[in-house]
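Enquirer: Each chain, written out:
Protein chains: 4
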Amino acid sequence: MDGYQDLLDRSIEQARPVLARGKVADYIPELSKVDPDLLGVTVVDLNGETISSGDTNVYFTLQSIEKVFALIFALELAGADRVFELVGMEPSGAPFSELSTLGEFSAKPSNPLINAGAIVVSSLLTTLISFDEFLAQVRVLCKNPAINCNEAVFASEYAHSERNHSLAWELKRLKLLVGDLDETLRFYTRSCAISVCAEDLARFASLLAGGGLDFSSGQRVISGNAVRIAEALMFTCGLYDGSGSFAVRVGIPAKSGVGGGIMAVVNHRVGIGAFGSSLDRNGNSIGATAILEYLSNKLGWHIFSHGN
Amino acid sequence: MDGYQDLLDRSIEQARPVLARGKVADYIPELSKVDPDLLGVTVVDLNGETISSGDTNVYFTLQSIEKVFALIFALELAGADRVFELVGMEPSGAPFSELSTLGEFSAKPSNPLINAGAIVVSSLLTTLISFDEFLAQVRVLCKNPAINCNEAVFASEYAHSERNHSLAWELKRLKLLVGDLDETLRFYTRSCAISVCAEDLARFASLLAGGGLDFSSGQRVISGNAVRIAEALMFTCGLYDGSGSFAVRVGIPAKSGVGGGIMAVVNHRVGIGAFGSSLDRNGNSIGATAILEYLSNKLGWHIFSHGN
Amino acid sequence: MDGYQDLLDRSIEQARPVLARGKVADYIPELSKVDPDLLGVTVVDLNGETISSGDTNVYFTLQSIEKVFALIFALELAGADRVFELVGMEPSGAPFSELSTLGEFSAKPSNPLINAGAIVVSSLLTTLISFDEFLAQVRVLCKNPAINCNEAVFASEYAHSERNHSLAWELKRLKLLVGDLDETLRFYTRSCAISVCAEDLARFASLLAGGGLDFSSGQRVISGNAVRIAEALMFTCGLYDGSGSFAVRVGIPAKSGVGGGIMAVVNHRVGIGAFGSSLDRNGNSIGATAILEYLSNKLGWHIFSHGN
Amino acid sequence: MDGYQDLLDRSIEQARPVLARGKVADYIPELSKVDPDLLGVTVVDLNGETISSGDTNVYFTLQSIEKVFALIFALELAGADRVFELVGMEPSGAPFSELSTLGEFSAKPSNPLINAGAIVVSSLLTTLISFDEFLAQVRVLCKNPAINCNEAVFASEYAHSERNHSLAWELKRLKLLVGDLDETLRFYTRSCAISVCAEDLARFASLLAGGGLDFSSGQRVISGNAVRIAEALMFTCGLYDGSGSFAVRVGIPAKSGVGGGIMAVVNHRVGIGAFGSSLDRNGNSIGATAILEYLSNKLGWHIFSHGN
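Residue numbers (our numbering), protein chains in the order written: chain V, 23 to 330; chain G, 23 to 330; chain P, 23 to 330; chain F, 23 to 330.
Think of the hints as simulated: they come from the structure by calculation, not from any bench. Ideal Cβ positions, reconstructed from N, Cα and C, are used throughout, including at glycine. There may be inaccurate statements among the hints.
[What the hints assert, rightly or not] Chain F residues, not near chain G, derived (Cβ > 10 angstroms throughout): (1) Gly25; (2) Val46; (3) Glu52; (4) Ser54; (5) Asp57; (6) Asp59; (7) Leu60; (8) Gly70; (9) Asp103; (10) Phe106; (11) Phe153; (12) Glu184; (13) Trp191; (14) Glu192; (15) Arg195.
[As the list claims (entries may be wrong)] Coverage of chain F stretches by chain P, computed from C-beta distances (three or more under 8 angstroms per stretch; other residues unrestricted): (16) 245–255; (17) 262–272.
Let's have the full structure, built from the sequences with the hints guiding it.
Expert: Below you can see the structure in the form of structure tokens.
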């Protein structure tokens, strides 16, 4: 990865001026306290070589990025057929503000990367593993045993989870909630509150880039099938209502969270974790998006790149 | 392409049994007359080597596949900035039956591959080229000077184009219709009625697979930038409300039309034209989809494929 | 009320043939067991003179008719200003199947006669009276101390109240649920399960026809202001998505429930209770509607009637 | 009408302070030029006695008030069965800003008092009478032979009628447009541009108050059936998304137009024409509404009034 350090440093610098155009998530006090000027990016290649720039050891909560972990665990434990009985595969086209409304689905939620779909997946997981087992697996995939749930964020989000309760009851009516409703919401909210840093996301992403094979150990940690499904859904639905624009401009599978993180995958090459808590109107980290667009252009990461 | 002939033949055979689950488009008499049992697939590699199986010289109308040609011409002639002032880049999430309703857009149409977006693009094109020039370019990209507009289909579709007139007037209200309204609708409807065969689509797709460079002549015929944008949008929005499922299961940029064709691209490898007039409930050729899924699985075409 | 007996008898007979076009509510087993051929109508004038025809002593549950009692109690106890801080006054235009979805409201529910609005009103009532007090007041207004809650219907509806739970959580998010959520839903569901007969409804309706003054006792039992508001809302929103058609064809304030009852008011003249458990596609009793349309035409009840 | 002059004068004075809360329609230049401080009200009783206060001879365009004339003519000429084959009777629940969108109807427009429904009615009328005959009838019903179309407003509205063209094409698709599309839109737009004053509206309204019988001449000018239907629809749908609130607070059938007029009916008593060009957020004259609410309260006009 010669030259990467310099590129990462420059990606941070060119991203800094756009931060002022966004703002930190403020729907709970715990998120609004985060410093909006923090920025960091880590790239990890298939062999585990790691290059970082900026604030890559600052912890933030996974938020929607947990949806990728949850989807992969559900695919591995219950199988794709079972998962897609309960949730669709289609982009929802819903704006960020309505992303979690009931209006977005009729028979079942559009896909596992919107709130309603992720609640369905969490409910399925509650019938298969405990939250502690979920957390343990996140630690394994991020190769960081220090990862924990941020209990203050969890408590605050749970206390403000009326919309998710509303969704869960509607999902129950549709017979899509296979586990207990309250346990599902605690499991889901807790998984969103798992605290990671950019390096953690990059290590997880590098496993996806390797198709689920850990090159350093030679062990398969995720099936190729689960990685393929997760990446296809990240590509089409990973950045809320900015997914299409990200697909055109950056062109790699990625998943954002309102905690400020974006996890992105360059298949067969590297995993990336980017962080910046200032969000655009779609709820995506404005700094992390700028970093990824810069790097994708410089390094030819776009999956449909052909030069000019 | 050793072994391709045999694979293509088998792809046709395994697709045949599913045809009965769909039905031919019947919104105008001219389309409903097509034989539902026709099936064909052609693969063309970057050097122009061509392998076909089934009914690959039967002509059908482009219908929504024209949206890819139109998008590329608009990107080349007016530039991406101008195109995306008028139309978005996001998957619409709209079901097939509502794909062309006004409800789907507020400020501007979601993307250039839905009817409203394509009407905007056609309107822009009317200010830049004549329809004859459009048709001439389609002939060039498909390398078939015999391609023509099916005037009977055009006349019938134009006589049934109330919805498109309704969309066009709404687009005019939003100041997104830059050309004359009637001329725009004639241009758009006529481009949908251009008649091609599977081989034509495969030759066009092979140019996209080569990033816009014609390897046989060494000439650049489309800019890499336009190809990249078109492929990203095809991947996220190319198959109506089945786009997400196609991305997960087949995993290559593609565009379908209700004439029964699907044009698909395996970057750096091959272009594919598949045809079968029986459509699924999303309006996608049920046979062509089955052919492409079979070939993608057998040949590892999925863009996020990692084995199992 | 000379000649009324004969008219009521004939209203029943002419309604009988249309019953087969509808069907009994079947969303819970307890409702689906009702005999679809029962039909009854009672008219009570301002002095309490009562004329009945058919099955007017058969008990059925209030269902949505409770919304009128609840609205009146809330107006009396909390005042119109407070009630309309929490809920609107506009017809919703929502079809029956979506009557209780979240999609129908943004800032607050459209009106107190749809489920979401009635849950808001019930929540307000839980902060003011107990359910036993609510029931006691229903007995007073219907002049029938034997009225009770059907506990089997309550239990069954509560066990199938996912949609109402979903609505209640969304209302809580919007700060419109002023009482405890679970208590609100029990209160609301229990009030829907109050069991009455056509004569009970007619006695209540005759009080409304008298503007809230009980002519037999000379006592005011409801304020004229509350009656006016309730009647205006019944006229515009009382029969789900059939409200407009009922206003044009029958032209009197009325409220239906899926238990099969319709309570209707001819101001300064009579109150009517009509019953028939077979429902039309809007959820209104098909027999009771036919009875009321017949009587309105014969007796010139239409509020905008001018002869022909 | 002893004491009316004084009440009308006071109704104007108490309405004046609220005018500043609204604003004049500005979607075409011709409407935006109107003086926002003009206010007037005329009451005409069944015998033609007329009392006015304020600017009751200032002319403004009918705009949506034409929908009542058009509905009545269509009912008289084609019959209610034919009219309601093409348009519904239900309140739409649509906010003002969406009142004319396609989204509001599926099989047919909700009612004849929204734009889509009125276009359907106009189309039906074009097959029965010329616009000159329409205008002649308006003159007769308003008893003012000087009434004319404001050609400047017509020309400006027609030049800005993209939304109506869009609606008309969608209605044509649904086979609800029985006349020629362009002729329908010219007829409809021209009828909206008919210029009247408050006294004209009051004279027309007094005919409705008399059930269609002209007491001064003893002649029936509108059938009682048409009056009844028009009044029922005015009561439930006459003031856009403020219809429910108006029904609760004022409680008489009325129809507003964005030209600033409101025509209202107190059955068996009086017709009212009120005018004030400053509009509330629903598109209703803020001054005329205040005048009508004041008079309704003082004179006990509310159709469900019972005192307090």
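Enquirer: Need the list of violated hint numbers for this structure, in ascending order.
Expert: 12, 13, 14 and 15
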